[in-house]
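Chemist: One letter stands for each residue in the lines below.
There are 2 protein chains.
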Amino acid sequence: MSLVVEILSTGDELLTGQVVDTNSAWLMDRLWDLGVMVRRKTLVGDDRQDLLAALAETTGRADLVVMSGGLGPTEDDLTAECAAAAMGVPLEEDAASLQAIRRRFEKLGRTMTPNNAKQARFPRGAIIIPNRFGTAPGFRVVLGRAELFCLPGVPNEYRGICEQVVLPGVAARVGAPPAARLVKLFGIPESHADHAMRPIMDAAENAGVRFGYRAHWPEIHVKWTVPGEDAESRAERILAEVRRVFGDAIFGEGKQDLAQLVVERLVARGERLALAESCTGGLLSQLVTSVPGASAAFDVGVVAYANTVKTAILGVPAELLTAHGAVSEPVARAMAEGARLRGRATWGIGITGVAGPSGGTPEKPVGTVHMAIAGPQGTQPWERRFPGDRERIRKIAAHDALNQLRLLIR
Amino acid sequence: MSLVVEILSTGDELLTGQVVDTNSAWLMDRLWDLGVMVRRKTLVGDDRQDLLAALAETTGRADLVVMSGGLGPTEDDLTAECAAAAMGVPLEEDAASLQAIRRRFEKLGRTMTPNNAKQARFPRGAIIIPNRFGTAPGFRVVLGRAELFCLPGVPNEYRGICEQVVLPGVAARVGAPPAARLVKLFGIPESHADHAMRPIMDAAENAGVRFGYRAHWPEIHVKWTVPGEDAESRAERILAEVRRVFGDAIFGEGKQDLAQLVVERLVARGERLALAESCTGGLLSQLVTSVPGASAAFDVGVVAYANTVKTAILGVPAELLTAHGAVSEPVARAMAEGARLRGRATWGIGITGVAGPSGGTPEKPVGTVHMAIAGPQGTQPWERRFPGDRERIRKIAAHDALNQLRLLIR
Chain A
3 MSLVVEILST GDELLTGQVV DTNSAWLMDR LWDLGVMVRR KTLVGDDRQD
53 LLAALAETTG RADLVVMSGG LGPTEDDLTA ECAAAAMGVP LEEDAASLQA
103 IRRRFEKLGR TMTPNNAKQA RFPRGAIIIP NRFGTAPGFR VVLGRAELFC
153 LPGVPNEYRG ICEQVVLPGV AARVGAPPAA RLVKLFGIPE SHADHAMRPI
203 MDAAENAGVR FGYRAHWPEI HVKWTVPGED AESRAERILA EVRRVFGDAI
253 FGEGKQDLAQ LVVERLVARG ERLALAESCT GGLLSQLVTS VPGASAAFDV
303 GVVAYANTVK TAILGVPAEL LTAHGAVSEP VARAMAEGAR LRGRATWGIG
353 ITGVAGPSGG TPEKPVGTVH MAIAGPQGTQ PWERRFPGDR ERIRKIAAHD
403 ALNQLRLLIR
Chain B
3 MSLVVEILST GDELLTGQVV DTNSAWLMDR LWDLGVMVRR KTLVGDDRQD
53 LLAALAETTG RADLVVMSGG LGPTEDDLTA ECAAAAMGVP LEEDAASLQA
103 IRRRFEKLGR TMTPNNAKQA RFPRGAIIIP NRFGTAPGFR VVLGRAELFC
153 LPGVPNEYRG ICEQVVLPGV AARVGAPPAA RLVKLFGIPE SHADHAMRPI
203 MDAAENAGVR FGYRAHWPEI HVKWTVPGED AESRAERILA EVRRVFGDAI
253 FGEGKQDLAQ LVVERLVARG ERLALAESCT GGLLSQLVTS VPGASAAFDV
303 GVVAYANTVK TAILGVPAEL LTAHGAVSEP VARAMAEGAR LRGRATWGIG
353 ITGVAGPSGG TPEKPVGTVH MAIAGPQGTQ PWERRFPGDR ERIRKIAAHD
403 ALNQLRLLIR
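Protein chains in written order, with our numbering: chain A, 3 to 412; chain B, 3 to 412.
Rather than coming from a laboratory, the hints here were simulated on the basis of the structure.
Possibly wrong hints are sitting among the right ones.
Repeated chains share a single entry, so a pair holds when one copy, or any two copies, can fit it.
[Unchecked claim] Restricting the straight-line Cα-Cα distance to at most 25 angstroms, the calculated cross-link-like pairs of lysine to aspartate or glutamate (DMTMM-like) are:
1) K225 - E192
2) K109 - D196
3) K397 - D259
4) K120 - E149
5) K120 - D49
6) K225 - D259
7) K397 - E221
8) K120 - E221
9) K257 - E83
10) K397 - E165
11) K397 - E266
12) K397 - D65
13) K120 - E321
14) K225 - E165
15) K109 - E192
16) K120 - E192
17) K109 - E365
18) K397 - D78
19) K120 - D14
20) K109 - E221
21) K225 - D14
22) K109 - D391
23) K366 - D65
24) K109 - E83
Chain A extracted, bound-state conformation:
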C-alpha cells in the first residue's frame, strides 16, 4: 500500500540557521529503504498559532505524521499542549512517566525542577512512548486522518525511538520493502546522465519502479527501488541496462566509495601509489588517506607548491618549468614520474593547474589543469578546463585524477 508520510519539526533554533535538522534526512533515508518517500516536510518555530496550523494541515493530508521537538521543560515547548488543543482534549499527568523522570534525575544526581514535571503531561488518550535515551517521553495520538507521533528532537533520542517504534510500525503497514539499487557515476554532466537514463526510466516507471538522483558533487548517484514480485531480479535487470548505458562512467555501486575502491584495488594488486600535487594542495592525498588502511598502498604525497620544490623533491627539470611554465603537460608528466620514482611506487600522479581566483592567462585560464599518471607502461597525460571557483576546481581535479587511476587498474 502507499502510505503518505509527512515530517513536522518545531523549534526556533531550526529557523535561525543555528541547528540543521539532520534528524529528518536520517528518517527519510530509512523510510526510503522501506519503499516510502516522505511527502512533505515542514519546519515551524515555537509559536502556538503556527504549530496549531501546521498540525491541522499535516494531519489533514497524511496517514502518518512524525513530529519532533517542543517536548522540553521550558515555556517554549508547546507540542503536548498544541496536540491536545488540536484534539480537543485536556492534558493529563501520567504518573508512571513522572516517576521515570524523577528516577532519571536522581540517577544523574540532579535536582528535578517543577518544569520537568511538565514533561509527564500528555493529551488525554495518548499512547506514551517511553524514552530510554533521555528525559522526555514521546507520545502517539490519532489526529485528523493521521497517526501522529510526537518525538523529542535530540538526535539520539529521536533516532532511538524511530528505530524502536516508528519504523517497525511503518514496515508493518507497507509490507515487504522494495528491492533497491544505487550506481555512482563520475565524469558526465547530470543533464547527460538524465538524458541517457530516460529510456530506461520510461520503460520501468509504469511498473512502479522509482528512480532518484542524488547530487554528491562531483559524483552523480542514481538510485531506484522496485516493488512487488520478482523485485530483486527486476532491479538486477535494470542494473544490467544501466551498466550497459554508462559503462566506465560507473565507478561504484551501493556503498562503494571512489577512494576506497582505488585503495582496495591497489592493495589487491600489490601496488603502491605516490602523489605530486600542486593546485590541489593536498586534497588528493587527503582523499586517499581518508580510507582506513590506506598505508597498505600509499607511502608519500608531495604538495609541491613552489617550482623549487618541484625540482628539488620531485626532480622536475628546471628547464621544463622555464620552457613550458608550471601548468603544462611536460611538468605534469615530470611530476607524476618524479613521484613514482622517488616514492618507489607502481603509480605516480601529477597535478598542476590554475585553481584561481587569480593566476589565469588567456592561454591558461582559471580552471586549466594538467594531470598525468605514470605507471609501468609509461605516462598518460591529460588536460582539463574545469568550471567553477577555487574550491570546486580543486575538488573535481582531485576526483578526476583518482577516477583516471581507477580506469587504469580495473
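Got chain A; can you put chain B on it based on the hints?
Modeler: Relative to chain A, chain B alone:
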C-alpha cells in the same frame, strides 16, 4: 517593519534523505543578521500537485517566499511550469537566457541537449535573475500576497544569487539591521562555552539582545544581534566582555577564517610555512592551500605516511623511529624540523598520530596525536588524545596545529 519570510524547497532528493538542504540553514543565518527569523520552511518533492499546493499556501501567508530547486533541465524540474500555472500565465522563452546557456555550453566544450533549452523558459512577466555561477537562471514574480523568488538549488548558485539579489532586497525592506557580532572559538567544549557565556547572556537578554550558537565543528561560533538605539556600541560592549572571558580561545571575529588568518599573518611577517603530515594525510596542506594566494607563504607539504619517507624526504633519523615509534614526540619534532629545514621555511609543522580505526595500542590509543612546530626560537611539541572517529581525529588535529601556529605568530 516585520517581514514574514518563508522558505520553500523542492526536489525528491530532499525527501529521500540523500541530500540535506544546507541552503536553507545558510539563508536563515543570513536573514537572522538582518533581524528576520524565517517563519516556516517547507520541503516538497518534484510533484506538480504538491508544488502547486505549497506555492499557494506559502505565497498566501508570507510577504516573501524564497523557493529553490526544480530549475534543472529534466522532466522532474517543475518550478517554472508550476509558478506559471499558479499565476495563470503561459511560459515564454527568453532569448537572452537561451543565448547565455548556449554560450556556457560552448565555453565548456559540451553539447547542449534539447533539455537545456527548457531552462530558458519562464512565466510571462517574470523578472529573470541571471546566474553567473551556473546554467539555470532564477526568476522573481509576484504571487498571492508575496514576492516569490525561484532560485537554483545548487549551493554556490543559490548562495550567489541570494547575496546578489535576495538579501539586499530584504535589507531594503526591513530597514536598519540590528548590530551583529560573531566570535569564533577553538579548543573549548561547547558546554564550557555555554557556561562561560551564561552571565553575559542573562545580563543582555532583557535588552532585546539575541544570542545564538552555530555549530561549525571543530570551531564554535557565538553570535549576537542588538536592536535599537546605540546598537553598535552596545554590541561592542558585549564583545569586550566576551573577549575578556574567552581570551586566546577566540581565534577570529566576523568573517575571519582560521587558515586565512594564519596565511595573511605569515605573509605580513614575510615568513613561510612547510608541513610534514602523517595521520592527517594532506588535510593540513589542503586547509592552508584552500586560501587564495597561499603560495605567498607556503612552498611545500610532505605527506609522509611511510617511515622510509619520513627518513628520506624529511630527514627523520631512522633510530628515532625505531626507538620511539612513528607516533612519538621525538618523531613529531624531527618531522617539524625536517620540514622547516628542507622547505627553507620560517616555520615547520609535524603531525604524527593514530587516526584509527585500527593501529591503537594501550599506550597509544586511537586518537593519540603528537604535533610539533619548529621555528626560529626552537621546537615546541605537544600531545593530544582526540575523541571520535578517523575523520574527526584527522580534522581536529589539522585545525589544532594551525591554531597553535596562530598563537605563535600573533
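Chemist: Pop the pair K397 and D65 into one bin, within, between, both or neither, using alpha-carbon distances up to 25 angstroms.
Modeler: Result: close neither inside a copy nor across copies, 42 angstroms intra and 39 angstroms inter.
Chemist: Indicate which option fits the pair K397, D259 if close means a Cα-Cα distance not exceeding 25 angstroms: within, between, both or neither.
Modeler: both (15 angstroms within a copy, 20 angstroms between copies)
Chemist: With identical chains, the pair K397 and D78 could be close in the same copy or across copies; at 25 angstroms between alpha carbons, which is it: within, between, both, or neither?
Modeler: Close neither inside one copy (38 angstroms) nor across copies (28 angstroms); limit 25 angstroms.
Chemist: Up to 25 angstroms between alpha-carbons, please classify K257 paired with E83: within, between, both or neither.
Modeler: neither (38 angstroms within a copy, 36 angstroms between copies)
Chemist: With identical chains treated as interchangeable, where does the CA-CA distance between K120 and E192 reach 25 angstroms or less: within a copy, between copies, both, or neither?
Modeler: between (48 angstroms within a copy, 15 angstroms between copies)
Chemist: At most 25 angstroms between C-alpha atoms: does K225 with E165 qualify within a copy, between copies, both, or neither?
Modeler: within (20 angstroms within a copy, 33 angstroms between copies)
Chemist: Regarding K225 and D14, is the shortest C-alpha distance of 25 angstroms or less found within a copy, between copies, in both, or in neither?
Modeler: Close across copies (12 angstroms), not inside one copy (33 angstroms); limit 25 angstroms.
Chemist: Evaluate K120 and E221 at a C-alpha cut-off of 25 angstroms and name the case that applies: within, between, both or neither.
Modeler: For K120 and E221, the Cα distance is within 25 angstroms only across copies (24 angstroms; inside one copy 42 angstroms).
Chemist: If the cut is 25 angstroms between Cα atoms, do K225 and E192 qualify within a copy, between copies, both or neither?
Modeler: So K225 and E192 pass the 25 angstroms test inside one copy only (14 angstroms; across, 38 angstroms).
Chemist: Please work out whether the CA atoms of K109 and D391 approach to 25 angstroms or closer within one copy, between two copies, in both situations, or in neither?
Modeler: between (43 angstroms within a copy, 16 angstroms between copies)
Chemist: When no copy is named, should K109 and E221 be tagged within, between, both, or neither for a Cα gap of at most 25 angstroms?
Modeler: Between. Shortest inter-copy distance 22 angstroms satisfies the 25 angstroms Cα cut-off; intra-copy 39 angstroms does not.
Chemist: Measure nothing new, just compare the shortest in-copy and cross-copy C-alpha distances for K397 and E266 to 25 angstroms and report within, between, both or neither.
Modeler: Result: close both inside a copy and across copies, 21 angstroms intra and 23 angstroms inter.
Of the hints listed earlier, those the structure fails to meet are numbers 9, 12, 13, 18, 23 and 24, in rising order.
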